[in-house]
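Chains as they are written, first to last, in my numbering: chain A, 14 to 532; chain B, 5 to 550.
Just so you know, these hints were derived from the structure itself, not from any lab.
It cannot be assumed that every hint is accurate.
Chain A side only, calculated, beta carbon under 7 Å to chain B, not exhaustive [claimed, not checked]:
| no. | residue |
| --- | --- |
| 1 | 154 |
| 2 | 332 |
| 3 | 475 |
Every residue gets a Cβ at the ideal spot worked out from N, C-alpha and C, and that includes glycine.
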Amino acid sequence: MKRTLYMVILAMAFVACTNHPKVPGNFESVGLLPDIYPDYKEVVVPPNIAPLNFRIEGNVTDCVARFTLPDNSTITFGSDNKVLIDESDWHDMLAAAQGKSLKVEVFACENGSWKAYEPFEIYVANEEIDPYISYRLIFPSYVAYEMLSISQRNLTNFDETDIYNNMIISGEKDGQCINCHSYQNYETKNMQFHMRQGHGGTMLVMNNVPQKIDLKTDSTISAGVYPAWHPTLPLIAYSTNHTGQSFHTRSKAKIEVQDSESDIILYDIEKNEVRLISAEPNELECFPTWTPDGKYLYFCSAHFERQMADSIPITGEMIERYQDIRYNIYRKEFDAKKLAFGPTELVYDAAADSMSATFPRISPDGRYLLAGVGSFGCFHVWHPDADLYLMDLQSKDMRKLENVNSQYAESYHNWSSNGRWMIFISRRDDSNFSRLYIAYFDKDGKAHKAFALPQRDPDFYTYFMRSYNVPEFMKEPVKVTPQEFASEARKPAKKATYVSTDAHSGASVQNQEAKHTVN
Amino acid sequence: MKKAIYTLLFPLAAYLILLLHADYLHAVAECDMFISGQAFFEETLRTQGGLWTWLGCYLTQFFTYPWLGAMIIVAIWTATYFLLVDAFRLKGWQCLLAWIPVFALLVSVVDIGYWMYYIKMPGYWFSQSVSFFAAVLTTWIVVRLIRLVWNKDVAWIVFIIAYFAMLQQFPVFYHRNYENHLLQIPFIVAPVSVVLLSLVRLIKWQPHMKWATEIVTFIALIAFSATAYLLSFRNTNFQAEIRMQKAIEACEWDDVIEEAKAAKNPTSLMVLFKNIALMHTDRLTEMFKTNNCGCLPDTGDSLTVRMAQIAGPLIYYHFGQLNYAYRWAMENNVQYCLQARNLKMMARCAIMNHEFDVAAKYLTILSKSTFNKSWVKEHEPMLRFADKLRESKEYSYIAPLLNEDVNMLDYDNSLPEQWILSHYADLVNTKNRKQDNVALCASLWLKDEYAFCIQFYNYNKNYPGEAVPELYQQAALLMGTSENSPINLDNFPFDQLILTRFDNFNSDYGSMSNMGIQHKEIGTRMREVYGDTYWWYYYFGDFKAY
């Protein structure tokens, strides 16, 4: 009796632990690749990524996915219409296939009969991806915001935690928006994000100690908005913006976000001082970013001259002429000793190509510039035509990045610390909700097919009603807790002081020196 | 037998009171959302009292059929009553007091009114009753166990302690903007009454005459029922708005118009609904023949109602403004919890806008709720077959208003009615008769003389030789013949009857004015004779945008 009981327990334990289905004996080969979601066919993945769980589309009642490793050993997963891969098995598979690939054969039971699809490969790169990312989760709403969070995700598994969320201390009347999280050189001990409206201020973390700063001064347009940490010094460049929203009545783009004014400032953390970097008349400067060596500050700027100043306010004119507003990419040399910037140099004349460039991001080796490019404007996440473009900073060739773009918006891109991975948001799934996609970028400057951030349940994105934005790679998780942020947020903000500089000196645009080629 | 009657009296009354609010309960089901599956369960469980919220969301769906939802909730309350009676060993007149928490729960369901649209507590309508029942049930089990093995006299103390421990999860009505605390009273009465029950059981007194107990019980239960009814939100405009929304959803336009006609002092939303019905039945020129003056809704407390939040998506949708309908459905979902009605609207707009991928997402989510499957089944083919979309009833009403050539960047300042009227009044490149009529009527509604003249000019140009509707002739007489008018109507062939009536209107107005009668009073007196004319609306009518 006892023996039988042990056998039953052992059998149950075995079933519970392995869960490896058998490949069906009889099946019909359909000669097609399977329709799987998310689409992980022929992608290149890091050797430390979480399992690529997927579902098989169509009227599938059962399925088996057989993974063949480089040593020809196989392992199977699958149940109902989903392939859910055990985490431990998956990491063993990745380790075995590093620098090589996994062959995946999908068998699906449809209408009572089994079909075998053409196999596909999942290539496993040699280079790891940073183990953490952070992002903001927000409903793709317009002006309302509730349940807004800046969250961090362990890329090697499915663990996600809040860095901070706006429901901790915000109320109906003092609602709080949070945005623009950013880190110094991929490390989280020095980081920042903004709180707007209720308990507003910039939450600055230095050596894991949070402090709320008020960056608005009488001499600047606004508090800091889009941030850029200097890679080594205690300095942050920010744009300052007067931002407004308006809504399309028919266009599928739905929303237009515009800056009626914007400048670039530099915040000296140690001195708690703000100074202007660029505040040219008729220029809308925005999206600062440093080169990895900290010697140049790149940014975007749109030239906008009033034509209807006599009849309507600037916001009205910008609405009228929204398709005329186009951002170019510029840069300024930075003298760290004097905290001074050189003249403005044109890097990419997007307007000349009837395009608008945003969010320049320089690869960690300093060789490439990745930017979001659309036909106009600065808020490309709502522009279906927005794509990622890559400029080789040696040749100055700008090209639409192959393999990563879709018919819908791509934006909010970033490089991993080793420069081999890019993360960005894409609306390719359904045109309205932004999802995170990761793409391998090889040594030859070629991007490979992007894949969706893996989730434990392949149905996750179908039911998830929030969008991802501003993905940032991190080498480690944020150590300050949400409660510590909330506690600091309740305190009054430390006011930054303004230091007068001549932001216009040497700021004339040197078009003649700029060289740009667009492929 | 008598005992059974007394026991059933209050549940029956509660059931009837709920059925008297059947329209509201149906709307409640649309203002909530349940999604079967692990993702929704886990997400809901992360919040405080998440299990009760999840159960509340599940059960609130049953109000789709008010009789069924009401039956379930009354069953829960009745079970709660029996548990209380047994736990405290109440006898005779004491049993009556076990109905107090049930009474409080009933009031908490029917006193919400316009808060229905603003409440940020998913599953509110059931979650409190379920959690209260669970608290009572759990502690009742504990008490029964203690009675079996320990001192019977201390069982009720254990009950109270365990009960309050369970109530930590009780989802009390709460809203940060709420200033008069009437709606919170049931949530104080229900728990406190349980403490009273524990004390009452110590009173051993029972009346000698049994009939006295029966009469007191009967009167008290009637009083409970009457009080619950009186505390319920019975604003007739609120109920009519709900019925009109339901009729609009079903494209039953005559019902919408009848509701509006029946209202003595309709809200602006009701007027708008009526005019949507007239617009879709090609009778928009009759809009001033029925009451076109809308008032602000009476919420009964500090709540400020916004049209955008209670019906913005539906209004924009029926005026062919899909992006703005989608926008407000999304905003309201974000601000006031996920609601089935908003998800449906987002799906409809996406289908109509040919954004089929995102429409499929919303349909998939809706298909995971219990009572929206047939709605999904009806709309799903439209994703795959263009014919199905074109054949749909709604498409025939809305498609003529979709103006593909007109894309504007704009914002509505959260005032849909004002925005729609201004948008149409200023619309220059109208595409068909429906758009022409809406544009003309919008200018009249706003009393925008310049816009009317332009639209009237275009109308006559677009439809030469056709008889001009009476409304437009009335308006042209008033607004097109002034010195500042941008159009010349010297040779316009006005109907003689209209000209005569206009003269009479002016003469009556002049004579009353000469008699020193106040403007408002003149309006009241002239309404009977001229209330169906645009002239009356122009001089005396108004609407409140909110």
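Each hint tested on the structure:
| no. | hint | verdict |
| --- | --- | --- |
| 1 | 154 | 4 Å, holds |
| 2 | 332 | 5 Å, holds |
| 3 | 475 | 6 Å, holds |
In summary, this structure violates none of the numbered hints.
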